[in-house]
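Chains Y and C are the protein sequences, given in the same order. Counting in our numbering, the first sequence tops out at residue 328, every number present. Counting in our numbering, the second sequence tops out at residue 1268, every number present.
For the record, the hints were derived by calculation from the structure and aren't laboratory data. Be aware that one or more of the hints could be misleading.
Claimed, not checked - In silico lysine-lysine, DSS-like type, Cα no more than 30 angstroms apart, as pairs:
| id | chain 1 | residue 1 | chain 2 | residue 2 |
| --- | --- | --- | --- | --- |
| 1 | C | K1192 | C | K1011 |
| 2 | C | K1011 | C | K1212 |
| 3 | C | K1212 | Y | K323 |
| 4 | Y | K309 | C | K1180 |
| 5 | C | K1094 | C | K1011 |
| 6 | Y | K60 | Y | K82 |
Model, not experiment: these values are computed from the prediction.
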Amino acid sequence: MADIILEARKLVKHYPVRHGIMQSFQGLVRAVDDVSFTIERGKALSLVGESGAGKSTTAKLILLLEQLTSGEIIFQGQDICKLSQAELKTSYRPNVSAVMQNPWSSMNPRMRVRDIVAEPLVVNTRLSKNEIKSRVGELLEQVGLIPDWADRYPHEFSGGQRQRIAVARALALNPSLIILDEPVSALDVSIRAQIMNLLRELQEEFNISYLIIAHDLATVRFMSHSVAIMYLGQIVEYAEAEELFENPLHPYTRALISASAMSAAERERERIILRGEMPSPINPPAGCRFHTRCRLATDICSNEAPEAKWFGSHFVACHRAEKEETIN
Amino acid sequence: MLRLLPEPAGKIIGGEIILDGRNLLELSKKEMRNVRGRLISMILQDPMMSLNPVYTVGDQIAEPIYQHQGLRGERVWEEVISALRLLNIPDPDKRLRDYPFQLSGGMRQRVVGAIAMSCHPRLLIADEPTTALDATIQAQYIDLFKDVQRKTNVSILFITHDFGVVSQMCHRVAVMYAGKIVETAPTEVIFKNPSHPYTSALINSVPRLDRKVERLYSIEGQPPSLMNLPPGCRFAPRCPQAAGICHEKEPGKKTIDDNHTVSCWGVE
Ligand SMILES: Nc1ncnc2c1ncn2[C@@H]1O[C@H](COP(=O)(O)OP(=O)(O)O)[C@@H](O)[C@H]1O
Ligand SMILES: [Mg+2]
């Protein structure tokens, strides 16, 4: 049996849209609409999709920064929605930390690096001043920074170094899960590889699980063990990374892969250009939500939501998806 | 190149910019204004920002036509419609009455393209126009650029840090490091036979879509500050192959063949 650290079951987050001074109810933004996945210990799951797909909202639900409309979050076998605030504070929050996209805005410019990294330790532990000091030094070393730099301010560091500081802070309480929201996309290209290598090394060393939010598929392939492709608040395809990239089944996944290819050799299949843009999550299209942009869509696609199909552990929600027979 | 650097803070201190055989640095301010609107046009990093919310699409495309082509009356609108058609905007006679907020993101991008192409420029400079876009929208945009290029034969200077975009869009590549071009070559050559250590490091540091790699090649250190450049080759402090001379003297441009040049002491 796989060692499951976190399971998301049918997560739903709807935001009411209100207008005018009476704040009359105008409808619902279906930001996350029935999303389920599991994250194994020491493994990385990526959520991939275009902006507005619901990736960050999913991350906020897991971090308890937003309240679930419905659904369950099972952490190490426990439904955390059933825990009291006190229980969450001791057994959930310290175990789940986050690194956000922008290393500039996610840090208080008036705090020294020492205090930025130490904050979770001060809030959640009873360590002495000296113990905190040595832990901060150890953390900075783990992310490839010099402990003597702890007294500097964030502006004295480059973007890549600031992202290392954010990683050090996220590691402070030995979490079992770190949420990485676009961890490299704001960085200079020549710096990205350093941070990606570091994140993978830390994962191996400490056996941490990652929930990665990313839009760059090559980054996703490098960083993840499994991948969930999201479209308009839902997961349309979900599989182990190798399987997903070698054998994509959903037309949307295929279009994404085709659009991200770096060379004709990588593209293999023909170049796929989708028509139109992602519709609004306020009134998502009936039937399959992707049908308005899908070149394979038929009548059934605009009328009926596709049922989940499983090919082994490979999940796809598409009327037209079929696994090609292996020809030997 | 558009001579838009604010003086005296930014000043071109040397070199020539030749467009169709004319040195742009020898033109008067007035002549340059005409070149800028007419022969060279530009699309900025955030295309949406360049639309004015209070004018209709038609008015915004008409403005450069009026200014630079000196057309008046019906002729202006004929040109506006042909610019909208060039960018494959459906129902051009209706769309020109729309305001930007009435259009989808993709349509707005096309309108920005129509403004840039409205005076039939010879050169279009596009500064990271796809960086903020999602992959599938980026692919649409690249196809649109290619289609416009096919139809008008316009030259495009595409500024990007994304090798995916380069491979899909560009015929030739010039790789820049700390303010200097270190290598130029046709796109396939850059990918298959990069000669500058910086070019190959960059290509190897990008993860691949077609196979899983265990570790990415990483370029140690940071790009230098342009106010404090190292002596010698600007890449030397980060270059795994750097030798003594690299830290002392700047390498000149070497020709590998007709289409391929590189500035590196390590290249014979
Ligand atoms: N607080 C909010 N109120 C209303 N709508 C929201 C809120 N947060 C996010 N949304 C909407 O939910 C959808 C999903 O957003 P998000 O999770 O940020 O997507 P992603 O991270 O994939 O780009 C978007 O349409 C967004 O506008
Ligand atoms: Mg987001």
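Any hints this thing doesn't respect? Which numbers, in order? Per hint list: 1, 2, 4, 5 violated.
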